[in-house]
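Student: These are the residues of each chain, in order.
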Amino acid sequence: MLLAEQALNGLQYGMMLFLMAAGLTLVFGVMGLINLAHGSLYMAGAFACAAVAAATGSFWLGLAASLVAAAAAGALVEIAVIRRLYARDHLDQVLATFALILVFSEGTRWLFGSFPLYLTLPPSLSGAVMLPGGLHYPLFRLVIIGFGAAVALGLWWLIARTRLGIRIRAGEADREMIGALGVDIARLYTIVFALGAALAGFAGALVGTIQSVQVGMGEPVLILAFVVVVIGGIGSIKGAFVGALLVGMTDTLGKALLPGLLSRMWDAASANTVGASLASVLIYVLMAVVLILRPQGLFGAGAGR
Amino acid sequence: MKLKRLLIGGAAAIALAGAAGAEPVKVGMITTLSGGGAGLGVDTRDGFLLALKNAGEAGQQVELVIEDDQQKPDVAVQIADKMIQSDQVDVLTGIVWSNLAMAVVPAAVAQDKFYLSTNAAPSQLAGAGCHPKYFSVSYQNDNLHEAAGAHATDAGIGKVFIMAPNYPAGQDSLAGFKRYYKGEVVSEVYTQVGQTDYAGEIAQIRASDADAVFFFLPGGMGIAFMKQYAESGVGKPLIGPAFSFSQDILPAVGDAALGVKNTAQWSKDLENQPNAAFVETFQAEYGRLPSLYAAQAYDTANLLLSAMAKADLDDADAFRAALAQADFPSVRGKFRFGPNQHPIQDYYVREVVREGDVLTNKIIGPAMADHGDAYAEQCKM
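From first to last, the protein sequence lines stand for chains C and F. Per full-length UniProt numbering, residue 1 is the first one in the first sequence, and the count goes up by one each step. Per full-length UniProt numbering, residue 1 is the first one in the second sequence, and the count goes up by one each step.
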C-alpha cells in the first residue's frame, strides 16, 4: 500500500518534470539553444496563475492565465533576446539566458514581493479520493498525472500528425534547408519557444498549487529537467517523457525506500541521513549510467548531434 | 542588487550622541528577507525596529544595518565579513536559521563582536561551544520541542511519528522532543531543508500506526506540509513547536490548522504590560499580528538597549555583565539568563483558534516552568 502510494507520487513528480522537460528539449533540439531561463517561465506561469486566481476567484481562469502568460513571456523573450543568439556559441546563450533569470527574478520580486504566495484549490479538486484497492490519494495529484498524460498525447499528435509538427521535425534535421524551402523559420522558432514556455508555465501553476509560488522556484526544477533531457536524448519528446518518469520514480522511490533498507544496518538517524543523501545522488547515477551506455540519450537522434 | 541596506537614524544618532552619555552602537542584522523563509526574517526585522522606535531617543542611539541572507550560509558569511570589516559593526544579530548561525557566529565572536541571537540557538553553541560574547535571547533550540514532548506525554499519546528538516535545529528538535517524551517513537524522519513537496513523508505517515504526528517545519516548509497534509485525507492529530503554527504560517495554512496544539515561550495573549504594549504597537505599526520571531527580536533589541543604558560598549566586560543581567521588560513576563547565556524561562501549550476572521494562537496551559537547557553543564567560561 505504501509502495503503491509512493509509486503514484513518483508518477506525479515525473509528469511534472515532463511538462518542464518537453519545452526544454524542443527548444534545445529545434533551435540548438540552451535556455537557462526556462525555469523563469515556469515561475512566470505560477505567478500568473496565483495573481489571476486571487483576482477572479477562479482557479481554472488562473490555470488558463498561466498558459497564456508564459507563452506570451516566451514569445516576447524569443523576439527580443533569444533571436539574436542562434548564431552564437553556447557560452553566449548560457550567459544571456542566465541574465534573463536575474531579470525575471528581480522583476517578479518587484511586482509581487519576496513573500511566497499560496493558491487554494477549488472544492471540486481538493481532498482525497479512494482508489481501487482501498488507497486514499489526493485528488489534485491524480489530476496532475492526468494533465501530464494528456499533454504527452497532445504533443505526440502535434509532432507526428500536424503540418506544424512536420516543420518542427524538419527544422530539427536541417534548418537551412527548410528555410530555403520557404518556411518562415523565424516564426517557427517563436512558436516553438512559446509552446515550450506555455508548458513550463502550466507546470509551474500546477506545482505552485500544491507547494508554494515564490521567486526562484524554477531553478531547482530546471536542473532536474536538464537531467531528464540528457537521459531522454536531446530533442526527443518521447525521450523526455520516458526520462521524466524514470527520474521521478527513481527520486521518489529512492527517498522512500533507501532509509528503510539502510536502517537494517545502521541506527535510524544515520540511516536517514545517508539514505536521503544517497537518494538525491541516485538520479545523477542514473544519468551517468545512461550516458555511458548510450551517450546520445535513450531516444537521442545520434551521437553526432 | 539583492542586498538591501537600511540605515536608521544615522545622522540623528550622531547629533544626539553627546546627550545620553553613550556613543551610538552599530548593529548588523543578517536575516532572511527573500524566499520561503522571508516571513521569519521580515518579522525579526520589524520586531527589532519597533523596539527601537518605542524606545524613543534611546532607540536612536542604535544604528542598524540590515541585509538579506537569502537563507544561504555562504551569503550570510559574506555579509558578516562585510559588516565586520567595512561597516565596522559592534553587535551582530538577526539570523533565523541554525545552519547559518553555525556558519557566522563562531567567527564573529572570535573577532570580538557580540552576537545576540533573535532565534537560532543550536546545541553546539550552548554546550562546549558557548562563548562569553554570544547570548541567545530566544531559547535553546531543543526547548520548544522538549516542551512539546512533555505535552505529548501529559496528553497520554502512546505512539508518535516525528519529523524535522536535516539541519542543526532539526536534529536539536527531534533530540529535544525525545528527551521529554515517554511514549514510543514509531518513525523518525529527516526531510531536506527548503523541501516543498511532502508527498513521500505523508505516505509514510499514512502507513504508520502512530497516534499523532510531531513535526518541526518552520516557514514555507510548514505551510507546504500543512496544505498537503490537509489534502491527503490522513487524519492523525498534529503537534509541534510554535514554529510550525506561527503567526506567519497560519494565514496561508487556513482552517486546516484549527485546534492544533503547539508549544512556545511566548504568545500574544500572555498577560503582562510589556506584551500588551508590544502587541498593540506592532499591530498599529504593521497592520498584522506579531509572530514569535517578532517577539524574540523585540526582546533582543530591548536587551541591547538595557545594556547600553548601563555600560559603555568600549568596556566589553562591563557591557557583557550588563547584558547578562537581562534587566529589561520582556514580553515573556519573566526572563533570565542561565550560566551559558541562554534563557531560563516558562513554556506554554497553545492552541490554534479563530478570532474574528484571523487564525491565531491562544495559551491553554503551562508546559514547563523555569526551564533551562540540557547543555548548560558542558559550557565552561
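If you are wondering where the hints come from, they were derived from the structure by calculation, not from laboratory data. Treat the hints with care, since some could be wrong.
Listed below are the simulated SDA-like cross-link pairs for lysine to any residue, each with C-alpha atoms no more than 25 Å apart in a straight line [claimed, not checked]:
#1 F:K72 / C:W266
#2 F:K178 / C:S270
#3 F:K53 / F:A276
#4 F:K178 / C:P123
#5 F:K236 / C:G127
#6 F:K178 / C:W266
#7 F:K113 / F:K159
#8 F:K236 / C:H136
#9 F:K72 / C:F112
#10 F:K72 / C:I101
#11 F:K236 / C:I101
#12 F:K178 / C:S263
#13 F:K72 / C:P123
#14 F:K236 / C:S126
#15 F:K182 / C:S263
#16 F:K159 / C:G260
#17 F:K236 / C:W266
#18 F:K178 / C:F226
#19 F:K159 / C:A99
#20 F:K26 / F:A276
Student: Starting from the hint list further up, note which numbers the structure goes against and sort them upward.
Tutor: 1, 4, 7, 11, 13, 17, 18, 19, 20
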